[in-house]
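A.B. asks: Sequence:
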Amino acid sequence: MSPIRRWRVPCSGWRSRPRSHRSTGRRWPRSSPTSGGCRGGWRVANRGLLRRAARAPGFLDSFRLLSDPAPEGLAVLDAEGRVLAANPALATLAGPLAALRPGTLVAFILAPAAREAFAAALAAGLVGEIPAPLRALPGDPAAPADAEWLVRLTPLPKTAGPAARLLLRVEDRTQARRAESRMAEAGRFETVGRLAGGVAHDFNNLLTAIMSGAGAVRAAGMPEAAAAELVLIEDAAKRGAALVRQLLAFARQQQLQPRLLALNEAVLTIAPLLRRLLGQAVRLELALDAPGRWVKADPTQLDQVILNLAVNARDAMPKGGTLRIATGHRMVLRPEGEGALPPGRWVVLEVGDTGDGIAPEVLPRLFEPFFTTRLDQGGTGLGLATVQGIVAQSGGHISVESRLGQGTTFRIHLPRQAAAAAPKIGKPDPPAAAPVSGAPILLVEDEAPLRLLGTRLLERDGHTVLAADSAETALAMVEAGPEPGLLVSDVAMPGADGVELACRLRQRWPAMPVLLLSGYAETMLHRDLAADGFRYLGKPFGPAELLREVTAALNGQGEEGA
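Convert by adding 21 to the 1-based position in the sequence shown; the result is the number in our numbering.
Just so you know, these hints were derived from the structure itself, not from any lab.
One or more of the hints may lead you astray.
Have a look at the derived ranges for each label pair, beta carbon to beta carbon [unchecked claim]:
{"id": "1", "residue 1": "A532", "residue 2": "A308", "range": "47 to 57 Å"}
{"id": "2", "residue 1": "M352", "residue 2": "T321", "range": "26 to 36 Å"}
{"id": "3", "residue 1": "P92", "residue 2": "G300", "range": "35 to 45 Å"}
{"id": "4", "residue 1": "I254", "residue 2": "A197", "range": "46 to 56 Å"}
{"id": "5", "residue 1": "R351", "residue 2": "R304", "range": "18 to 28 Å"}
Every residue, glycine too, gets a C-beta built ideally from N, C-alpha and C.
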């Protein structure tokens, strides 16, 4: 009985078929995968068979039979590291340029940087040691830039034959490494996102106090010189608010206000601003697709995406060049690979430049928060992270192609929308004056400065205010007092939050209007406030914004929020 038949281990998902020995003509079974496959079964059974076959006559023939269906690259090497026999998987990994055949020095299938370490491992294996696994890059220039192999050498017993000295195993870890990188990136992203959310909440509370206080003082009447200084304070607070929005955008935690937009019109609208921004050295070229390509996005955030990409392109062309913005469409019937677009109809926005291009080692980190190659030029590392966050939060995908000396192109895919639902955009009617009645406004805010400023502002507008520092205090106040005409509450508070408070009050007074305020509230990002009948005003805001929302809530206008 042949050694192969004697040592075969059955494995579900594999079948045997006869194969003739090259020299003797004897028919031996050969394992091959069925449609279900059994990669793990080969590794458990056939690796052991290889070790046992090494002690039997005709080892190289046994090796070929056992290794042909193996998913990892396998080869038998002589003392100089030349191939005596190799399986098809190793030939595939090595690539067409390697021409892997008996007598080939196996070191040449590795990248030059890994050959010295491989030589050391080869020397250790020849004296009977088992070298540590070697992580190496493939030598094939057509291999992916992030490819990685795990190379192992195992000494063979003398019974394997006079020339066979080592068993080489090469495992392609490229996909596993990509998965590990994605998990690590997701962990970093979640950490930075939590940090951004916490900073945004606290910072927006401070900015709201600054903007509301400055606005209230200016509205009370001040000398012209003092009023001008207050305007500077308000402008600085607004710039701080813009930075917070940028933090939340790349963390995908920003409260977006999407609407149907014609992509061509959005590009044409921002084009004059882009020309001024780019300067005379950079030419703006537009290549717009046929009209009627609609997307659903926040118009302000879409402008920010285009502006951020345009600024990056301008900085990449210090001696001038061309910035090309193109629109198009694409139909995807099935995913074409890892990370590919899902099936569907997509609208495409391309922003490309003729600049210096991006180095290959930089591309994987391009969208990483706080990563920048222009630190000495004031780069924050938030621009592209913000772009990616906005695109992802809008249901889209972004990719980049770049070659050194040939420029860079960012390609954004957004889900295509039907044009029939496009709203007619016009100037909204100014809200009517807020009705002033005996019903008080219940103001709930745990930050004392904001609670004091809000109380004064509403009282100056003619309202009666019940102010509380927590949901529990507010519930106790309404138990003994009159029915509130409106609830104005912060969301993130110690104890019960603003949403929970609103729901409990609605159980008693179902028609009571609610206005929720928040600098950052994670729960709100996953809740349909309009469906609950709640209005929403994001911090920071000034006196005018708060009074406008209070007026709209008291007049019973739609719960759309600001």
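A.B. asks: Is it true that the C-beta distance of R351 to R304 lies inside 18 to 28 Å, as the hint says?
C.D. replies: Given about 27 Å between the Cβ atoms, the range holds.
A.B. asks: Is the distance from the Cβ of I254 to the Cβ of A197 consistent with 46 to 56 Å?
C.D. replies: Between I254 and A197, where Cβ atoms are some 54 Å apart, the hint holds.
A.B. asks: P92 and G300, beta-carbon distance inside 35 to 45 Å?
C.D. replies: This hint is violated: roughly 56 Å between Cβ atoms.
A.B. asks: State, for the Cβ atoms of M352 and T321, whether the hinted interval 26 to 36 Å holds or is violated.
C.D. replies: holds (29 Å)
A.B. asks: Mind checking the hinted window 47 to 57 Å against the Cβ distance between A532 and A308?
C.D. replies: Given a distance of about 54 Å, which is inside 47 to 57 Å, the answer is holds.
Checked against the numbered hints given earlier, the structure breaks only hint 3 and satisfies all the rest.
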